[in-house]
Structures are given as C-alpha cells and as structure tokens.
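A.B. asks: Sequence:
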Amino acid sequence: MSEQVRRHDHTKWNVFKAPYMLMDKGLSTPNSLTSWIATCNKTTLLFPSAFVVPADLLKKHPINHYLIDDDDWLAIKYLTEDTPGFEWTEEFVQNFATLESFIKFVATIPGNDQKKKIYVRTIPALPMGDFGGTDVRVFIDEVAEVIPLLREQQGDTFNKPHEHCDNIQKKLKLADQGFYATISLEQFEKLLEVYDIDKSLITLVDDPNWLMGCVSFVNTGVHFKMLSVNGDVICSKDQAALYLFQTLVCGVDWHGVDFAVRLDILQTVHSLADYQKDLYVLYEPIVKLIVNSKIKHAEIYRNYGSTDNVMFYNESPVTLVDHSDYVLLCDRYGLPLYEAFEDKLAPYPVWYLRALLMLGWIHGCVQNDEYLEMYILDIAKTIMTALMLAIPQGKRQLMKEVTNEAIRFHSEIIIFDEEQVVKAPFQRKRLLNADTQVTQQEEGPKPTGSENVKTRETNKRK
Numbered sequence: 001m002s003e004q005v006r007r008h009d010h011t012k013w014n015v016f017k018a019p020y021m022l023m024d025k026g027l028s029t030p031n032s033l034t035s036w037i038a039t040c041n042k043t044t045l046l047f048p049s050a051f052v053v054p055a056d057l058l059k060k061h062p063i064n065h066y067l068i069d070d071d072d073w074l075a076i077k078y079l080t081e082d083t084p085g086f087e088w089t090e091e092f093v094q095n096f097a098t099l100e101s102f103i104k105f106v107a108t109i110p111g112n113d114q115k116k117k118i119y120v121r122t123i124p125a126l127p128m129g130d131f132g133g134t135d136v137r138v139f140i141d142e143v144a145e146v147i148p149l150l151r152e153q154q155g156d157t158f159n160k161p162h163e164h165c166d167n168i169q170k171k172l173k174l175a176d177q178g179f180y181a182t183i184s185l186e187q188f189e190k191l192l193e194v195y196d197i198d199k200s201l202i203t204l205v206d207d208p209n210w211l212m213g214c215v216s217f218v219n220t221g222v223h224f225k226m227l228s229v230n231g232d233v234i235c236s237k238d239q240a241a242l243y244l245f246q247t248l249v250c251g252v253d254w255h256g257v258d259f260a261v262r263l264d265i266l267q268t269v270h271s272l273a274d275y276q277k278d279l280y281v282l283y284e285p286i287v288k289l290i291v292n293s294k295i296k297h298a299e300i301y302r303n304y305g306s307t308d309n310v311m312f313y314n315e316s317p318v319t320l321v322d323h324s325d326y327v328l329l330c331d332r333y334g335l336p337l338y339e340a341f342e343d344k345l346a347p348y349p350v351w352y353l354r355a356l357l358m359l360g361w362i363h364g365c366v367q368n369d370e371y372l373e374m375y376i377l378d379i380a381k382t383i384m385t386a387l388m389l390a391i392p393q394g395k396r397q398l399m400k401e402v403t404n405e406a407i408r409f410h411s412e413i414i415i416f417d418e419e420q421v422v423k424a425p426f427q428r429k430r431l432l433n434a435d436t437q438v439t440q441q442e443e444g445p446k447p448t449g450s451e452n453v454k455t456r457e458t459n460k461r462k
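In full-length UniProt numbering, the protein residues as written are 1 to 462.
One or more of the hints may lead you astray.
In silico DSSO-like pairs for lysine-lysine, Cα to Cα no more than 27 Å straight-line [said to hold, decoys possible]:
id	residue 1	residue 2
1	Lys-77	Lys-25
2	Lys-288	Lys-60
3	Lys-225	Lys-296
4	Lys-117	Lys-225
5	Lys-117	Lys-77
6	Lys-117	Lys-12
7	Lys-199	Lys-117
Bear in mind the hints are in silico, worked out from the structure with no lab data behind them. Just so it is clear, the structure is predicted and the values come from calculations on it, not from any experiment.
All chains, please: the whole structure from these sequences, using the hints.
C.D. replies: Rendered as structure tokens:
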C-alpha cells in the first residue's frame, strides 16, 4: 500500500514576533489581560476576543480566549455599530464563545467574504547566558483546538472534528486536570505534518499577555499572569513558584522558627517547583495556597515576618542600592552575604540585589538542615529560572554562576551548567546569629562545594 501523499509539508507559517509588535494597554485598566491592542509588523491590529464584548455580558457569559484582527473587528463593527437597532443579547454573545463559533459567525456577516485568520500564541524562547535556554512553546489546548479548524479551512474537514480535537489533546496532554501543558514549536510543526495542514493558514504570534507580563515583571519585580484558551487566569509553573517563595519565605527571619514550620513552607513551595517543565497552572489555587499558609502559620509571620518591601517591588530595576543597605538586610534577617568580585562593593542594581536576597533566603529557611537541603535544587532552579526574565541578557550567565556558588555555600549541589562550572564569581561571607552559631557548634561544620568560603564573625542582632 502506497504512502499517503502530503501536499503541505513545504508550506510556511506567518510570524508576528515581539520586536515588531507594539502594545497599547487601556489607561483605565493597565493590568487587564483583555483590554489591549497589539500592532504587528505595522500592518495588522490584534485584539483579545473579550475586547469586543460588553463587560456586563462577559460577567454572565465568559468566553474563550483567542485573537481577532482588524478585519474581524471591522466586520463586528459593521454588524454591531453600523446596523440600525442592533442590541447585544445573551444569545448573540454565544457567537463569541469559542474560536470555532466565532469563525462560523464571521462567515455569516453580509459582505464579509474573507475566512477568519487563525492565530496561534507562542511563548518566546529565553536565552540563558552562554549555555542553554528555553525553546519556543505553544499551548496543547490551543493546538488541539485549531487543527480541526485548519483542516476545515483547507477543505479537508475531519468526519468528527471534536473527536479529533479530544484525541489530540489526550495524546499530547501530559498534565493532570487543572494544569496547562505546552509543546515545543518543533513538535507542533511535526503534528501539522502528520495531519497535512497548510501552515500558511497559521500566523504565530508571541503571546501579547506574555510580552506585557514580562515588561511588567522587569519593571516591578511582581510575577505576571496570562490567559488559557478557556479564558482562565494562569501563570507559568516558574512564576507561580516564585510568587510562593517571595510571599512565604522572603521577608522572614527563620532563625528560631521550628523545623516543622520551615518544612511545611518549603514543601509548599516545592509542590510547585517539582512540577514538570513548561507547565502552566491555574492562578486562583495559588493565591488560596498562600492565604491558607499565612493563616496556618500566622504566629510565625506575625513574630518573625516583616511588612517591609524586601523584594524592592515597583522599584526601577536599574535603581542602585548601596552595599551597606544589603549588609543591613542580611544582618536583620540572618542571610548569607554574597560579595561579587566584579562589583567591588559598588551599589547594586535592584535586579541583581533581588536575586542575591532570594538566594540568601533559601539558606535562611533551610539553615543547614540536611533533611531540608533535599528541597534546595528544585526550588532554587525554578525561582532563578523565573527570575531570569528580569535579568539583562548579558548578565544571565553571571547570574547562573552566582546561583551555583550561592547554593554551593552549604552543599555540593550545582544548579546550572554543571559541566561548565569553572570559577566562583564572588566571595561569600555569612552573618550568623546566636541560634545558627549554637547549631554549628553542636553539629560541626558542613561540607561545601567551594574552596573559597569565608565566614564572618557572629553578629548578634538586637
């Protein structure tokens, strides 16, 4: 039996990439995930699907998240604004419920003879210094949704489109319910070849919410959110773990806190850090997890925590913080003090100091406990990978080296580029409180993976 001839293997998709996209957010709702306009390649306008539906109706009838362009917008405007006597109704909103229903709806608008263009959101690749990096990803849910629609557009409709959609999703979905998995762009392309899809019908778009989230994250240090195909608010596994760590671990002096409490907090953060790579999670359960942990350990956060802005949220990433302020923070919270050779104790930019403090809080919470050290690798790698988005690209290799040496302060663990580790980028000094000193006297020195560790005299905090 001869192999089936594939007609579309050599077709190419269209691409809208971040450097050629201009984002315009609503002034009244700057943090909204559904109130923005993206200008792509100076020729095409893109909107989120919810942008065109009245807000009061969206509250009652949420719709899926997909991208529409200026051609779609003009067709909708013609029907809703230029048609005498038109009124939005709950029934009419159902035309926007899914990408499939919207495609069918647009095709019925008088005078509109163009097929709806199909846009697939991509998560851009992230270079990680001199070695490694992430690849371009697409959401499995979105892939499963568009393949039957693309087959229909090229005149080769599946007999049972929804079954194919379900089968694709089951085949690719590695995550449990409540999680949103992704696949690489290469995997997506191979899947299109399997189904003989004409790639010219697809336009890949760097996800506007991801782009705006990254800009916000760089400028404020605050984690960012996105939207799933179903319109659910989600965030990446890395961003979610970062949110948990900064909220539950940072800003607390963990010396004197019971082992059981520290174990519970680290296990909570690790529960996310241990998830598979390139996974996205529902945002609301993360918030509930934080609230429940804060309530459960309210006494700890009340007696050992602080309301100070220790993560320098909403500070410009290039604002310089004096070295003496870094010393005071380490002294106050009993954190290791890392002194970089190349900085020569000069003022630290916020993006750099934020990373040093987070690395310090890992050890501050673990406190040399051999049992708790088992959580270091996953937590450190996850939160520092999340933080890389806010690190200047030319400094990411340095930050990986800094991370490696900070973690090796008390253990043999190497977080990044194990085969490439050659030298230590900074000297390390540790501010110890009385509790830590007693612990070390009882247990003896811990092994370290570095030869140049220097320990500062005990500094008892008042």
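A.B. asks: For every hint, state whether the structure bears it out.
C.D. replies: The hints, checked one at a time:
For the given pair, Lys-77 sits about 20 Å from Lys-25 by alpha-carbon distance, which is consistent with the 27 Å threshold. For the given pair, Lys-288 sits about 24 Å from Lys-60 by alpha-carbon distance, which is consistent with the 27 Å threshold. Restraint check for Lys-225 and Lys-296: the C-alpha separation of about 26 Å stays at or below 27 Å, so the hint holds. With a C-alpha separation of about 26 Å, the suggested pair Lys-117 and Lys-225 falls inside the 27 Å cut-off, and the hint holds.
The suggested pairing of Lys-117 with Lys-77 holds, with an alpha-carbon distance near 17 Å, which does not exceed 27 Å. A hinted pair counts as satisfied when its Cα atoms are at most 27 Å apart, and Lys-117 with Lys-12 qualifies at roughly 15 Å. For a cut-off of 27 Å, the pair hint linking Lys-199 to Lys-117 stands: about 12 Å separates their Cα positions.
Checked against the numbered hints given earlier, this structure breaks none of them.
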